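4 protein chains.
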Amino acid sequence: MTLFADLLSTVFERRYERWTRKGVTDTRPFEELTVDLMGAAGEVSGVAVARTILERFASADDAEKLAFFRHLAENMTITPTAVRSALDAYETGQTKSSYRAFMAAAEPPRQEMIRRLNQVPGATRALVAMRADLLRLGRGEASLEALDLDFRHLFASWFNRGFLVLRPINWESPAHILEKIIAYEAVHAIDSWNDLRRRLEPADRRCFAFFHPAMPDEPLIFVEVALTNGVPGSIQSLLAEDRAPLMAEDADTATFYSISNCQAGLASISFGNSLIKQVAADLALELGGLKTFVTLSPIPGLAKWLQAGHDFNDPEKLRALAASYLTAAKRPDGLPLDPVARFHLGNGAEVFRIHADADLSEKGLKQSKGVMVNYLYDLERVSRNHERFATSHEIAMSSEIRSLSASAEKLGI
Amino acid sequence: MTLFADLLSTVFERRYERWTRKGVTDTRPFEELTVDLMGAAGEVSGVAVARTILERFASADDAEKLAFFRHLAENMTITPTAVRSALDAYETGQTKSSYRAFMAAAEPPRQEMIRRLNQVPGATRALVAMRADLLRLGRGEASLEALDLDFRHLFASWFNRGFLVLRPINWESPAHILEKIIAYEAVHAIDSWNDLRRRLEPADRRCFAFFHPAMPDEPLIFVEVALTNGVPGSIQSLLAEDRAPLMAEDADTATFYSISNCQAGLASISFGNSLIKQVAADLALELGGLKTFVTLSPIPGLAKWLQAGHDFNDPEKLRALAASYLTAAKRPDGLPLDPVARFHLGNGAEVFRIHADADLSEKGLKQSKGVMVNYLYDLERVSRNHERFATSHEIAMSSEIRSLSASAEKLGI
Amino acid sequence: MTLFADLLSTVFERRYERWTRKGVTDTRPFEELTVDLMGAAGEVSGVAVARTILERFASADDAEKLAFFRHLAENMTITPTAVRSALDAYETGQTKSSYRAFMAAAEPPRQEMIRRLNQVPGATRALVAMRADLLRLGRGEASLEALDLDFRHLFASWFNRGFLVLRPINWESPAHILEKIIAYEAVHAIDSWNDLRRRLEPADRRCFAFFHPAMPDEPLIFVEVALTNGVPGSIQSLLAEDRAPLMAEDADTATFYSISNCQAGLASISFGNSLIKQVAADLALELGGLKTFVTLSPIPGLAKWLQAGHDFNDPEKLRALAASYLTAAKRPDGLPLDPVARFHLGNGAEVFRIHADADLSEKGLKQSKGVMVNYLYDLERVSRNHERFATSHEIAMSSEIRSLSASAEKLGI
Amino acid sequence: MTLFADLLSTVFERRYERWTRKGVTDTRPFEELTVDLMGAAGEVSGVAVARTILERFASADDAEKLAFFRHLAENMTITPTAVRSALDAYETGQTKSSYRAFMAAAEPPRQEMIRRLNQVPGATRALVAMRADLLRLGRGEASLEALDLDFRHLFASWFNRGFLVLRPINWESPAHILEKIIAYEAVHAIDSWNDLRRRLEPADRRCFAFFHPAMPDEPLIFVEVALTNGVPGSIQSLLAEDRAPLMAEDADTATFYSISNCQAGLASISFGNSLIKQVAADLALELGGLKTFVTLSPIPGLAKWLQAGHDFNDPEKLRALAASYLTAAKRPDGLPLDPVARFHLGNGAEVFRIHADADLSEKGLKQSKGVMVNYLYDLERVSRNHERFATSHEIAMSSEIRSLSASAEKLGI
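Chains as they are written, first to last, in the working numbering: chain W, -9 to 403; chain V, -9 to 403; chain B, -9 to 403; chain Y, -9 to 403.
FYI, nobody ran anything at the bench for these hints, they're computed from the structure.
Be a bit skeptical, because a hint or two may be false.
As the list makes no split between identical chains, a pair holds if one copy fits it or if it spans any two.
As the list claims (entries may be wrong) - Straight-line C-alpha distance at most 27 angstroms; calculated DSS-like pairs for lysine-lysine: (1) 281 x 170; (2) 86 x 55; (3) 86 x 320; (4) 55 x 307.
Quantities reported herein were computed from a predicted structural model and do not represent experimental measurements.
Sequences are here, hints too, so could you generate the full structure?
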């Protein structure tokens, strides 16, 4: 990562910083600026205008931002009549030029505008932040939600797996990256630099993140891994301050115990599946002793799903209830109720083991009565599991989980 | 560049090489493979299928490639009825979901297929090569030319200026990059490593290339620059083997004497304008003495345009004819006949000086009777020039060129 | 620094770690091992023996270490009779071989032993740590103090200025380097990562360290710099949490407010003078606005020197006393009593200004009643100042300091 | 290497270039300059003087250089009477200060001068070049040969194995490094960039060099390796233009077929032994299939040793003669007559196989009638072989070689 950041910062970020320092002197309204950017000169000389728009947006208040978004939503969207006539022409004669005309009509001008904004060094980060604003301000407003689909469409193309770089995060990583790891950790909070260090420095701890070359200082998503002997059954023991680290070479299991998205502006652009599989593949290559790849995951919806009458003091009953919740509780669309289960099962993992008293933190007790689950990534079965889940919502599980579920059913819980 | 290549090669290319070595064992037809890639499992587990497609394509013969392209052209294009009904629904109720449905219908499935192919490490380079094949094989076949528009649309997004990295190319650059510079030089051929060295190593010579992070070993476009005192009037003196180099700090002029695109598969994705302006800006920042930024350019269409009756032995007459050709000879669409003129004038440059006996190479004599031209990039006027050229085809020129043209007119030549 | 650490860690440190993990199986006494290392096989196959010695030493207790040092001191020193006869032979016939024989006799075998130990990857750091042990354990024991002179002689050659690399330390530096900065700061303690960040991240703060390529994870010495407008008069205002940072370009003064040696094992190998001058030169090159280079320094010996009768409540009197102390209080050898004064005056700096209430920390009040001093590095005068100080102990000072001293004298204080 | 060069060039070389450009204005004689450098100011402010000396030396003619060396030889050597009295004092009382005084007297001042010269950025390279001049100009002049021992002593310390960095050289290495490989190849000449490429780019070819951090653009020594199946018997087949490369993973043998020292100024500082063993260890780690490490070496002294009466047309007789030459022909000091044999046997290798018609180049035929030899590096036996060779000149050889030698003896040849 460090090389990377170093190289690209030089190239991109320094210039970026430079323009953020200068005041913006062009005070024309956004409407005029966007016309300018899209006009004849825009393709060739548009960088200055693009810079002005980005900078003005960055310092705008919410009302101004909303006005800007509404301008894009209303004035830079598709024109159905134009689309229809281009489509008619294309149907009549399927030529290069009729197809080109259709493509031009069917794509709203704001997509090209976003691409032109992106010509400015450092713009990608600014555009991701812009979408975070849009998601925040546009909720429930149909035309803004539609506008967001254009951002999302472009970002899915720009942040294609093929453009991402997987980098290890460790105690030799730059401090300004590490402070983002502390800030973005969403599962088990990191409460100090010492806590961070305990998760990065020991020989049996690893962390990996995806980066995009145009945002080298910003992790997109990261995963924390513990190398263990056997499948761990509680987060307390995994993160115990006084534990004795293993030699990495002696571990037989890689446990993914935390995975966090970092960029609000990249919501719905999915990286987690690729990240887990890439990290599993890389670790398997590096450490021949690793045979098992599991998660140690929260069950965020469990407590809410449990009913008042349940006995929460019997760990066995809790485990059976959790098995039942994970494998049988469904949304109307047939997918699992639990969001973390949806994610891992959607990736082709299987429900492997369930542990009571596994997360005794305030948050753990509150959301799942302390219960946690291991999802198993069996690289041989992941593809088949995924396909069955995608086509028939079939949930893969170990025999242990199958028994637990059955016992829950028998008990009528 | 070296850091970059080093880093990213490690990440991407090595893996890429690995898969190209293994034989491909999946021998299903391309049709089935693309169905698989686009199916339920494709988004999550599609990397293996994508790899198979890319590898199979790389080793296919032209007939198989053509069959693959026709499959994309015919079976993975838009369905006009589906677009129309999605458009109708959207017009009736402009909601997030009706817009999403329209977007899905209006984009041909092959675009998503190309994005999924790109998930494979090293795929971007393979896809650029695929488009080079498409351009070569699809010429004149309407549905393949339409298919090419989808490649071009995606590549314009992926190779957006904001994602490109400008790197100096010098005698400390990696040999495998330098041999590409030798191979891709399209204006004044580099005939040996010693010739290359004379263009890179002296203190008054510079070369810069754009790279894309996903293709770190492949320059996209490069420009060769000579730092000079005054505006140079011939390529012979510029490249003379025995010339005495200047100290860079002592130069007042940066002369862009060669600019070459490197990737056939990126045809029509324009980088040259950005490259020239970025290099000019960077050089101006580094070397305070630089006041003038010009090209020393060929006039590839001149000889063809000249008529038999013209007297080619009078250098003054030749210069006047060249001025006339560059400023008055137009295509039906009103743009200059000369392709190099179109490029530089389109960037906002102006026709500055014309020199006879300026390129005495076989090629130079053949294409332009040895005449060359300087285009001036005056950073203060570039934007206005560009706009006038774009809106009214007005050609910017120096008073010297204006006089030359006028004299040509007077002479009735 | 990050590139550097990254590169060289790969090369050296990883291997180093590897050998420290394996148990040592060769349990022969140090005496035997050193004989082996110095014997016929040592030059070519000595790496394994060298590794064993270093590893055994690293895990030895103080008694064993002392025994090892005494072995070197007694059995691997020069043999005066051998030196004398080699000298006689050389005097008789000054040939290449008589000179070589003299060199061999005049250098104690332990120097060659230390060089052979250094063949092991990672050994340089281990040898620096070994000398730290020697300094600690050998104090007052003449033969061990002599032994230390050999370590010091070799280290002065190995850590020659020409081999050191100056690297900026900033908020993008690796965390494992930054934690060493926190640990080694010897002047104004850094009490947290936030405190560190305040010294590294703002645009008007800089930090630089010298590294040696064979110890890329270990800063040797570092200096903290504040870019200011005018010469600062107190450490409180300089480090105030709520101060508003300057733009670096707007600063006219670079203030060196803390300089710390990091390696006990490199005691008496002087880096500070080179570091200050190199940093001053680099900053001057980068920031054209910088006109003044000063320190804001403690006066560690002031409080001890002051007498009971002095009135410490009058800041003016305190300043005069400090001026008197810095410029007139001398050791028997004629050099200033104050160690920080000796260092900066020895570098060619001059006593520039004195401030009362300038360091109100517990340490500052205790050691100097809160008084601090600016030493000025005037690059034009540094060489002359240094020479006068070196040859005649003449102390350079500003007219303000001269007046203060004079007033102190008049007051009889 | 590229990272390294990049980083350190930035740090060192650029500055170096800068000073070489400025004219030297200080025209005092070398004698005065060295007095200045060694004087009171030298330790602290000596960099400017050191720079002047280095630059003046670089542009001096041979007569001036010789005068400079004689100045060092005569005026900056040890003073026997001073050494003797320091030695007497030390013998009387072995204290720290008497030992320090002895060290000071026993080391000639020119050693400290060389260390002070090395403070200048880029100086290490200049000092290595200075020693190359000394070796060239000082031959046969006793006091200059003695002076050289001081350079050599310092360089042995500076270029200690622990400070060297092993870097792969490949087709991605910087051109300015590669051109040095072409220039320095001393065994089998590289006649073009294409020839170089054939030795670097194929999957079954490797090249490695040692670098010193203070001379990052200068390889010190490099070795070329062919990965083969079985032990190769001729250089023609090894370097054949049309051979089909192996996959590296499929090779069972690493053949070191060329090893070249690059720096005349580092003569007698031995790197070859470390290089071969390090490269063998690294390759063994990377490629598990490698079981055998051999050389394919010239026999430079063979032709000269053969007598007129020998029949050079019978390959078997030639092989027997070569075996006899390599194992039985000795210098007066008991070491092998052949210099390459001395080197490899001294490293602990054994004479393994001998091939006729193995080097049919003009040079190969001339120096050894086309015969070549494999030396085997058996890592298990290397240490024992070396020790026996070092202590009793015993030559390790395979049974094949033993038979060949015996047959030669029987034939009385």
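Cross-check of the supplied hints:
1. Taking the shortest Cα distances, residue 281 and residue 170 never come within 27 angstroms of each other, neither inside one copy (31 angstroms) nor across copies (37 angstroms).
2. For the identical chains of this complex, residue 86 and residue 55 are inter-copy neighbours only, at 20 angstroms across copies versus 39 angstroms inside a copy, given an alpha-carbon limit of 27 angstroms.
3. In this homomeric assembly, residue 86 and residue 320 come within 27 angstroms of each other (Cα to Cα) only across copies, at 25 angstroms, whereas the closest approach inside a single copy is 48 angstroms.
4. In this assembly of identical chains, the alpha carbons of residue 55 and residue 307 never lie at most 27 angstroms apart, being 52 angstroms within a copy and 60 angstroms across copies at closest.
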